[in-house]
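A.B. asks: Going down the list, the sequences are from chains A and B.
With the numbering used here, the residue at position 5 of the first sequence is 5, and numbering never jumps.
With the numbering used here, the residue at position 43 of the second sequence is 43, and numbering never jumps.
A few of these clues could be false.
[Claimed, not checked] BS3-like, lysine-lysine: derived pairs with alpha carbons at most 25 Å apart:
| id | chain 1 | residue 1 | chain 2 | residue 2 |
| --- | --- | --- | --- | --- |
| 1 | A | Lys104 | B | Lys191 |
| 2 | A | Lys31 | B | Lys49 |
| 3 | A | Lys99 | B | Lys191 |
| 4 | A | Lys58 | B | Lys292 |
| 5 | B | Lys342 | B | Lys299 |
| 6 | B | Lys49 | A | Lys58 |
| 7 | B | Lys391 | B | Lys49 |
| 8 | B | Lys191 | A | Lys56 |
| 9 | B | Lys292 | B | Lys342 |
| 10 | A | Lys14 | A | Lys56 |
Since the hints were made in silico from the structure, they are not lab data.
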Amino acid sequence: MSKDAPFTVEQFYKFIGERKIMGVKCNKCGKILVPPRPLCPNCLSTNLSWIQLKGKGKLITYTVIHVAPERFQHLAPYVFGIIELEEGVRLPGIIQGVKPEDIKLGMILEVDFNVDIPSTWPQWPRYFFRPPQHP
Amino acid sequence: MLKSRFTLTIYISRALNIYFAPFLAWGVGELKGKPLAAVVSAGLSKFGKRDGFSSRELFAEAVLEAFERCPNLDPKKDVKGLIVGSMNESFEHQCHLAPIMSDWAGILPVPASRVEVACASSGAAIRHGLFAILSGLYDVVIVGGFEKMTNRTTAEATEYLAMASDFPFEQWNGATFPGLFALMATAHMHKYGTTEEQMALVAVKNHHNGALNPKAHMQREVTVEQVLGSRVIAKPLKIFDCSLISDGASCAILTSVEVARKYTDTPVYIIGSGHGTDAIGLYERDDLTSLKSTKIAAKEAYDMAGLSPKDIDVAEVHDCFTIAEIMAYEDLGFCKPGEGGKFIEDGAPTLDGALPVNTSGGLKAKGHPVGATGVAQLYEIYLQLTGQADKRQVNGCEIGLTHNLGGSGATCIVHIYRRG
Chain A
1 MSKDAPFTVE QFYKFIGERK IMGVKCNKCG KILVPPRPLC PNCLSTNLSW
51 IQLKGKGKLI TYTVIHVAPE RFQHLAPYVF GIIELEEGVR LPGIIQGVKP
101 EDIKLGMILE VDFNVDIPST WPQWPRYFFR PPQHP
Chain B
1 MLKSRFTLTI YISRALNIYF APFLAWGVGE LKGKPLAAVV SAGLSKFGKR
51 DGFSSRELFA EAVLEAFERC PNLDPKKDVK GLIVGSMNES FEHQCHLAPI
101 MSDWAGILPV PASRVEVACA SSGAAIRHGL FAILSGLYDV VIVGGFEKMT
151 NRTTAEATEY LAMASDFPFE QWNGATFPGL FALMATAHMH KYGTTEEQMA
201 LVAVKNHHNG ALNPKAHMQR EVTVEQVLGS RVIAKPLKIF DCSLISDGAS
251 CAILTSVEVA RKYTDTPVYI IGSGHGTDAI GLYERDDLTS LKSTKIAAKE
301 AYDMAGLSPK DIDVAEVHDC FTIAEIMAYE DLGFCKPGEG GKFIEDGAPT
351 LDGALPVNTS GGLKAKGHPV GATGVAQLYE IYLQLTGQAD KRQVNGCEIG
401 LTHNLGGSGA TCIVHIYRRG
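Please model the complete structure; the sequences and the hints are all you need to start from.
C.D. replies: Take a look at the structure:
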């Protein structure tokens, strides 16, 4: 089923709602595309498939956001970073479950999900990162 | 009839090919070392919190200064086109802005269009002005930019500015705009040992210059201690590491090289133009301590001008955050990668240093009405190269550079200028 799903942002978030982090693999050059897209930017192939990512990676940079947009004000100050997943692709996201003073570059983090869906566009759930629960 | 139309089509396509081919190719071919166009005048509104003034009135203020500086120009007769840049229609609940600006500049019905690449929108307007002139279609165009921002709350302005970053992944999952530059700052500090004190020195320098600029939003000095002690926005960036939310407008009158002397005895020539584009998402870029778009734009502009970084006498760079100026020193080749912190510590980019940077006060102190910024940078270089920069004049400068970023660096536009 997932192989036929369109290679769209909307579909990425449908998978997030199913508690899965999915990327698109180019069957021609092997590149993994996150965000998903209908055309491989590396080799322009449209021969693509959805693949599930393990959702585990390391922190490559971070900040602590004190002045937050309205939808995140209840979390501020919160840690936000870029995580490089084991498959080599990167995702930005909020890091929960670690105090700002305990954050270290290179630390291992795991994806988790908040599958509440807003009532207006965009009706997307969210992912975030936290330390592994069973290291 | 058919034949003449065909001949005309051939003629136009040949002309476009001759002029555009070198621009489009990676090489710069026959444009190398030649002036692309002339700046014969420029204007800038006062930047700041301009209560009661909307962008159209601020643009008229900038245009009026440019007309006054150029008495030989008959605006209604001579100006053939208008290209403006602005970032976000939400601030004033108004799109379709180009004809409004044409009207308020008193030059209707010249064709007017607006270009948008976030904070580099009017940098792009300059480049599109060059295209218009180099195509041979127009000999005189006005390029400009504007943004009205202070009518909104800080929360609203922050939200509108964040729209320059990737929505589905960055904004949706917690990024703010300062937050993205903070990610680059953390990476730069980790890789090169750059310090918060070095970043603070950028703010101190730009506020010093801004205090000498009567059009700057914030005309006062700050100390390193004040910067370091100011409120944290996104660690390690404090409020004094961030540029200002301002109202303002800018414009310049560009002409073909052939007609420039009709309008002024002191033209400034644009001799290099470069434009780099990268992934919208910061997380998609391999290197978080450098902006590839800047390197691409700089190489194109330097190659076209036949110059290298050591030839630059004065520069306006995109200091939306202090770390962005440090990265610009490195990516523009003013110093080696990783040595941007040391470059400011050694005083090279100060007003009396070896390569003064942001003599206007930069986005940090002059202000950052985002759409106005690219042409506002040109305005400062125009003043410098024509000896009109008053208390912040860099003596004997011949070559200037502007560096205009869009978003977190998905766009960069670089121009190089020579005194005529």
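A.B. asks: It remains to establish, for every hint, whether it holds in the given structure.
C.D. replies: Structure-based check of all given hints:
no., hint, verdict
1, A:Lys104 <-> B:Lys191, "holds (14 Å)"
2, A:Lys31 <-> B:Lys49, "violated (48 Å)"
3, A:Lys99 <-> B:Lys191, "holds (23 Å)"
4, A:Lys58 <-> B:Lys292, "holds (23 Å)"
5, B:Lys342 <-> B:Lys299, "holds (23 Å)"
6, B:Lys49 <-> A:Lys58, "violated (43 Å)"
7, B:Lys391 <-> B:Lys49, "holds (24 Å)"
8, B:Lys191 <-> A:Lys56, "holds (23 Å)"
9, B:Lys292 <-> B:Lys342, "holds (21 Å)"
10, A:Lys14 <-> A:Lys56, "holds (20 Å)"
Going through the hint list in order, the structure does not satisfy hints 2 and 6.
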